[in-house]
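Could you put together the complete structure from these sequences and hints?
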Amino acid sequence: MWLLSEHSRGPSLRFGPPLLAAAATGLLVVGFGLAFYWAPEDADQGFSQKIFYLHVPIALTAYACFGWGAWKALRLLWTGERRYDLESYTAIHMGVIFGLLTLITGSIWAKVSWGVWWSWGERQLVLFLILFLFYSSYFMLRFSTEPGPRRERNSAVYALFGVVLIPVSFLAVRIAGTILHPTIFTHEGADLPGEMLAAFCVCLAGMLSLAGALYLVELSGKRIDASLRELKELLA
Amino acid sequence: MTTSEKYVTAAYLVLLCALLVYLLIIALKVGRLEEELADLTRSAREKLGG
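In order, the protein sequence lines correspond to chains B and C.
Its first residue numbered 1, the first sequence is counted upward by one per residue in the numbering used here.
Its first residue numbered 1001, the second sequence is counted upward by one per residue in the numbering used here.
Honestly, I wouldn't trust all of these hints.
[Claimed, not checked] In silico PhoX-like links for lysine-lysine, alpha-carbon gap of 20 angstroms or less:
(1) B:222 / C:1029
(2) C:1006 / B:111
(3) B:232 / C:1029
(4) B:232 / B:222
(5) B:232 / C:1047
[As the list claims (entries may be wrong)] Just some of the chain C residues that point at chain B, by a computed CB distance under 8 angstroms:
(6) 1026
(7) 1028
(8) 1031
(9) 1037
(10) 1043
(11) 1044
[What the hints assert, rightly or not] DEER-style ranges, computed between Cβ atoms:
(12) B:171 / C:1041: 48 to 56 angstroms
(13) C:1034 / B:151: 25 to 33 angstroms
(14) B:164 / C:1005: 15 to 23 angstroms
(15) B:224 / C:1024: 44 to 52 angstroms
(16) B:137 / C:1025: 20 to 28 angstroms
(17) B:14 / C:1040: 18 to 26 angstroms
(18) B:44 / C:1010: 19 to 27 angstroms
(19) B:46 / C:1034: 45 to 53 angstroms
Quick caveat, the hints were computed from the structure, so don't treat them as lab data.
Owing to the predicted nature of the structure, the values given are computational and were not obtained by experimental measurement.
Glycine included, every Cβ here is placed at the ideal spot set by N, Cα and C.
Shown next as structure tokens:
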């Protein structure tokens, strides 16, 4: 018998969300404070460069969520444990939210820096959009089939295919060059003054903690949902 | 407020709005789960004759 409760197994989520939420609050307040009051203003872009401390951590968090979703999908295919399906789905859900935020904050930065909301000539932008649309389609695939092992396997394979786009999206601009989009992190390291890099690292840690807290809250909600559905079936 | 400041403020407000929308969604979900749990408790009591 296919049991919904098999989804609900996994480590306890009692302490994770509050700890990560507290870490995210502290790190983001300190990080944004450092970005605005301590890190120097960019000589080229001026004040608008402050969006960097928001946009880049969000984009890297989106990559991390997609990567985490793919890792959980691999674990599902490898071990056959059904709890990984819900974990992979939740991670991709978070990745799509952070991906949408990346596109919105990136567009605002593009408008103030380049004078346009979007540039089709920029490979990194287009590749990120493809990655975002690919993972947005994951939900269509997932909800077009009946719940069960077949849907779990198909979703896992799709999630694994998508992860290939992450290094392509990240490295394409470094290999092929760029016209407008700046490349801060190269194989020689970060092209940033120490204060900017420190503020950025704190913001990135805060954003990853925020994503972690949201992931655990969402996972907990989905597990409760699955358990309630099973209880309903048992009592019917 | 300069144009740059307006755009930077807008970008940071996007994150804040997203968090508030997420909070609203979670609040609605918790409300729904609470209702479902109350229904299940009621039907369990009826089955057990309590």
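Mind checking the hinted window 45 to 53 angstroms against the Cβ distance between residue 46 (chain B) and residue 1034 (chain C)?
Once the Cβ atoms are compared, 50 angstroms apart, the range 45 to 53 angstroms for residue 1034 (chain C) and residue 46 (chain B) holds.
When you check the alpha-carbon spacing of residue 222 (chain B) and residue 1029 (chain C), does it fall within 20 angstroms?
holds, 10 angstroms
Beta-carbon spacing of residue 44 (chain B) to residue 1010 (chain C) - inside the hinted bounds 19 to 27 angstroms or not
holds, 21 angstroms
Double-check residue 1044 (chain C) for me: the hint is only fine if its C-beta lies closer than 8 angstroms to a C-beta in chain B.
Given a least distance of 6 angstroms, the restraint on residue 1044 (chain C) holds.
In this structure, is the beta-carbon distance linking residue 171 (chain B) and residue 1041 (chain C) contained in 48 to 56 angstroms?
Holds, since residue 171 (chain B) and residue 1041 (chain C) (Cβ atoms, about 54 angstroms apart) stay within the stated range.
Classify the hint on residue 1037 (chain C) as holds or violated, based on whether any CB of chain B lies nearer than 8 angstroms to its CB.
Cβ of residue 1037 (chain C) sits 7 angstroms from chain B, so the hint holds.
Should the hint that residue 224 (chain B) and residue 1024 (chain C) are 44 to 52 angstroms apart at their CB atoms be regarded as holding?
violated, 18 angstroms
Is residue 232 (chain B) within 20 angstroms of residue 1029 (chain C), Cα to Cα?
Satisfied, since the Cα-Cα distance of roughly 17 angstroms is no more than 20 angstroms.
In this structure, is the beta-carbon distance linking residue 1034 (chain C) and residue 151 (chain B) contained in 25 to 33 angstroms?
holds, 28 angstroms
Proposed proximity, residue 111 (chain B) with residue 1006 (chain C) (alpha carbon, max 20 angstroms)
holds, 12 angstroms
Does residue 1028 (chain C) pass the interface check with chain B, least Cβ-Cβ distance below 8 angstroms?
violated, 11 angstroms
Proposed interface contact between residue 1026 (chain C) and chain B, which counts if any beta carbon pair is under 8 angstroms:
Holds, because the Cβ-Cβ distance from residue 1026 (chain C) to chain B comes to roughly 7 angstroms (cut-off 8 angstroms).
The structure does not agree with the numbered hints 7, 8, 14, 15 stated previously, though it agrees with the rest.
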